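Required output: the full structure, derived from the provided sequences and hints.
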Amino acid sequence: MAKEIWVFSEKPALLAELIANALQLAKADGASVAAVVVGNQQVIDQAFAQGAQKVYALGEKAADVLLDDFIPTIISLTKSKTPALIIIGATRQGKAVAGRLSAALDASTITDAKYFNQDSGGIEVTHLIFGGGAIRIEKANTATVVMTQGSSIVDALPPNASAKGEVESVPFVQPAWKATLVERKQKPPASVNLAVAKKIVCVGRGIAKKEDLSMAFDLAGILEGEVAATRPLTEGLDWLPRERYIGVSGATVKPDLYLSMGVSGQAQHTVGITDSRVIVAIDKDKEAPIFPQADYCIVGDLYQVVPALITALKARK
Amino acid sequence: MNIIVCYKLIPDSEDMVIKPDGSISLDQAEQVISEYDLLAVEAGLQLVEKNGGKLMALSVGTDKLLNSKSKKDILSRGPDELYLVTDASLANADTSQTAKTLVAAIKKMGDCDLVLFGEGSGDLYFQQVGLQVGELLGLPTFNAISKIDVADGKLTVERSLEDEIDVYSISLPAALAVTTDINVPRLPSMKEILKASKKPVVEWSLQDLTITGDGKPRVDVLAVRAPKSADRKRIKIEGSPEDVAQTLIGYLSKEGVL
Amino acid sequence: MDDKFDVIIVGAGLAGSAAALKLAQAGLEVVLVERGPYPGSKNLSGGVLYGRILNDLVPNYWEEAPIERYITNERVVFMTEQASFNIDFKNQAFKEAPYNAISVLRGKFDRWLGEKAEEAGAMLVPGIKVDEVIVENGRAVGIMAGDEEMRSDVVILADGTNSFLAEQLGLRKKFEHSHMAVGVKELIGLPRETIEDRFNLTGDSGVAYGIVGYATQGVAGGGFLYTNKETISIGLVMHLDELIETGKKPSEMMEEFLANSLIEPLIRGGKMLEYGAHMVPEGGLAMTPQLVMDGLLIAGDAAGLSINNGFVVRGMDLALSTGISAAEAVLAAKKKEDFSAAGLGIYRQLIDDSFVMKDMKTYAGAPSFMKTERLYEAYPEMLVNLMTKIYTHNGQPKEHMVPIAMKSLKESGISLFQVAGDGLKGARSL
Ligand SMILES: Cc1cc2nc3c(=O)[nH]c(=O)nc-3n(C[C@H](O)[C@H](O)[C@H](O)COP(=O)(O)OP(=O)(O)OC[C@H]3O[C@@H](n4cnc5c(N)ncnc54)[C@H](O)[C@@H]3O)c2cc1C
Ligand SMILES: Cc1cc2nc3c(=O)[nH]c(=O)nc-3n(C[C@H](O)[C@H](O)[C@H](O)COP(=O)(O)OP(=O)(O)OC[C@H]3O[C@@H](n4cnc5c(N)ncnc54)[C@H](O)[C@@H]3O)c2cc1C
Ligand SMILES: Nc1ncnc2c1ncn2[C@@H]1O[C@H](COP(=O)(O)O)[C@@H](O)[C@H]1O
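Those sequence lines, one after another, are chains A, B and C.
Last residue of the first sequence: 318 in my numbering, with the numbers rising by one and none dropped.
Last residue of the second sequence: 359 in my numbering, with the numbers rising by one and none dropped.
Last residue of the third sequence: 483 in my numbering, with the numbers rising by one and none dropped.
Don't take every hint at face value.
[Unchecked claim] Beta-carbon label-pair distances, calculated as ranges:
# : chain 1 : residue 1 : chain 2 : residue 2 : range
1 : A       : Q42       : B       : E263      : 53 to 63 Å
2 : B       : K337      : C       : E309      : 39 to 49 Å
3 : A       : N194      : C       : T299      : 48 to 58 Å
4 : A       : S192      : C       : K227      : 50 to 60 Å
5 : C       : G271      : B       : I336      : 34 to 44 Å
6 : A       : P13       : B       : E343      : 45 to 55 Å
[What the hints assert, rightly or not] Facing chain A, from chain B, some residues (calculated, C-beta under 10 Å):
#  : residue
7  : I111
8  : R260
9  : I271
10 : L288
11 : L310
12 : I312
13 : D321
[What the hints assert, rightly or not] Partial list, computed: chain A residues near chain B (C-beta under 10 Å):
#  : residue
14 : K179
15 : V183
16 : G222
17 : S250
Source of the hints: derived by calculation from the structure; they are not laboratory data.
For clarity, every value in this text was computed on a predicted model and none was experimentally measured.
Just so it is clear, CB atoms sit at the ideal spot from N, CA and C, and this is done for glycine as well.
In structure tokens, the structure reads:
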């Protein structure tokens, strides 16, 4: 049987990116790309439209059933087909699938894999450690390699609605245990998608009070950009929602302009901004680690510099 | 209820030395308890305080674990007992090796109702070990748990996923990895620090555990190095706030980002 | 567990750990409370320890202590903006144990001493800041940290220069600026071979520089540079009141000092690993607080015991010595089960009899001598002018030494009378 690379994600947008990456990797050694799908015909069609050559259809999931209940089915399928590689979307749910699957396969998962490279045969990937303070290059050496990949690592291909392929239905394997879903609270839909923002004003703990965030919103308003933050402002202080923080555990951004105010520039944060085109930093500490990582460095009190900047930008319009 | 909480001892990244060739050294680094695992310890402590039972801390790694300061450190945070498995071969253990060792230790530790894990280890942050251990033990296993309650021999947990918060009812025993916002760990008190040095510590070698398998890593580490910092212009803008604003606007228009 | 201990010691610096070690060795139940995550984590010193006293506490300490280098070469440097004049002192005897002086890094050294105390049975409680000494009927009976209290027969305050606990108890007045100096220090990393080449060192020998003159740009005080194994400790100690007058920040003074053409080559290529600033009590005897009250003793910097004579900053050895004396006083009090001020009263006597007070008295005039402005500007100028004349060969016949010296003196604007006066004052205080 020809070598297969599999992809799995419960998030359609991420699944599209995984397929794009898998196709790239498959090219090198003539493998084919199959998507493991939990969902209806529409989800299956979408997988084909994004480039999957085959779909393993696990069936639809009733609203009160957990995706986790499908893990035994994925395990048994993987064991019987031994794909060379399975790339799973790096959501929390995806990491649960990856962890339990790799334990069952006697493998290890490489999570949040980046920069896939297969020049040396096998797949080498990089994985950030110490919150972005260092990079590890890793290579899995098991029959089936399990990896998770986050969003914005590879761009999805333009969909081709007429693409079709083989669908293999997979019988459901009853799990040994089940959790009962008692309640499901939808989080309010994300108000921003930092990953696509062209301009970002990022606030850090240099902001003294929650009310002062208005300054950042004013500036972002004039620049027609989004407000982002460091983690302490979202987790801990709760001044802003989670989806607004940048860094290893938050969003990765690539705007044309990233402007920080009162952000010290710890690696855990700045790994998320390295792909920004222009970086401006405002901080009152001239030794702040953000400065060597910035294009324009303003040592000063943000409470003076930012209002002046807002006034000057307004005057310009 | 008896709870086992798994924690990892990691090198303090502040002590990381970046060598001229870009490789890094952590030889001199202070060993600290991975920050995320402190939340798992606190979660376990709160459950034991409410429901009675015993909290046991478990870690596997090299003999750095045996250092008296780090033993005292973890015990001062609340666990009643400490279990340590050490072997030189665990220095660069991958998630699979770590999980298998933990499983063998947990089996040897006897009855337990709940195994807790941090969100991810502060150094490698694979967010995998807890899930692998749970699967290998055949227990109900979940990550991203932001709230835990126990009643009538069942767990009610909140799981915080990207777009939704689920509430599950789960039977015991179970394995759970907690989120970074499940609680705010309390600081050790003087009395707990003094008590810590008197609590029981059980030390095992790999030979003391019956581990099946080849003991080989599933992931090879080819290199570890500092990230390349992008070349930035690092242009300093000085002057009064007004001048600074004008100069910056000048640069940004030239860059075409205004 | 007992709710009451024999002794609670606040601060695991050298004074606190020395006291804890000694008391634990004698079998007392000792709790050593330290606010940092481990002893030494927050402590700052230039780093030369005049170590004979350490040998009393831990015999043959050099076999186990984390020592950087043995100081075999002491240099005093008088410097102007462009030139310098060295007094270079080497003593072969300094190469032999028990060493006269060693360079240490507090992060490692204090930790080691804290561990020694723990091994002896003292209970170290790190990560806890003591907020208050509990006083009942005029007697110290324990400590408060947050909302926790802990009781003991005796409390030893070894919490360093800024001892707000001693201040809280009214045992000492808030230090005046004129009694304080501010110390700034950087630790600079360099390869071992580079350090040994640059400073002409062999094996584990080391050099200590005391730098007077332009280093502090006229502010009373001095600079220091000590070699460690793979690092250099370098810094400035400056009188606070004068520093305030100049309007300069310590960090700016430090930057200029490091960039000075005499200093820069010594640290060239090095990597700054640590930076810190700390107060140093400098009032000498004049600021020593009341050292004893019912149920309480004060040791080390908390007691204001340190010496700065411009060339040498000393406090670590005094901290060790007073820590030992405090322990001895507690042991004497324990024998009589009398922990009142009278029962602990022998402490003062032990200190008076030790080298600590003797040295403090010897240097009693040092703080005011150091403030002689001439020391920082005129004398270095004069010495440097003199040397410049002697060593400048410009084809003219050489004058005799004495006239050259007199001429330099005249140019420096100092009167002979002043020289004589300062000489006397200095001789008495140094
Ligand atoms: C495992 C791990 C993962 C993490 N993941 C993330 C992550 O994904 N994202 C993230 O952001 N963080 C993350 N962190 C936290 C991270 O290490 C830092 O603590 C955080 O990024 C610092 O946020 P900050 O810059 O806002 O605050 P600080 O570091 O406190 O910096 C505040 C800055 O404001 C300046 N300032 C103060 N007042 C003013 C003023 N008036 N004008 C101008 N400047 C002023 C100060 O000089 C300082 O530089 C993580 C940490 C760990 C351990
Ligand atoms: C720049 C500089 C250079 C110096 N160079 C030298 C030198 O070369 N040689 C020399 O001999 N001396 C030198 N000294 C002086 C020397 O550092 C001090 O005299 C010495 O550290 C005093 O020791 P100590 O134990 O009394 O206090 P410290 O070393 O200050 O220790 C006090 C301890 O108490 C802890 N503490 C404080 N408050 C509390 C609290 N409330 N609760 C719990 N713990 C608390 C602190 O964390 C600390 O660990 C220098 C000082 C400076 C500032
Ligand atoms: N060596 C170890 N010993 C004990 N527990 C560990 C160890 N490594 C990881 N863990 C636990 O597993 C969690 C996830 O680790 P990781 O998969 O490395 O991100 C951690 O938060 C710990 O609770």
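Comparing the hints with the structure gives:
1. A:Q42 to B:E263: 53 to 63 Å: Given a distance of about 25 Å, which is not inside 53 to 63 Å, the answer is violated.
2. B:K337 to C:E309: 39 to 49 Å: With Cβ atoms ~20 Å apart, the hint is violated.
3. A:N194 to C:T299: 48 to 58 Å: 54 Å, holds
4. A:S192 to C:K227: 50 to 60 Å: Distance hint for A:S192, C:K227 holds at roughly 52 Å.
5. C:G271 to B:I336: 34 to 44 Å: About 36 Å separates the Cβ atoms of C:G271 and B:I336, which means 34 to 44 Å holds.
6. A:P13 to B:E343: 45 to 55 Å: With a Cβ separation near 49 Å, A:P13 and B:E343 satisfy 45 to 55 Å, so the hint holds.
7. I111: 9 Å, holds
8. R260: 8 Å, holds
9. I271: 5 Å, holds
10. L288: It is violated, given that the least Cβ distance between B:L288 and chain A is near 16 Å, above 10 Å.
11. L310: Not OK, violated: B:L310 not within 10 Å of chain A, min 17 Å.
12. I312: The hint is violated - B:I312 has no Cβ within 10 Å of chain A, the shortest such distance being about 13 Å.
13. D321: 5 Å, holds
14. K179: 8 Å, holds
15. V183: 4 Å, holds
16. G222: It is violated, given that the least Cβ distance between A:G222 and chain B is near 14 Å, above 10 Å.
17. S250: 8 Å, holds
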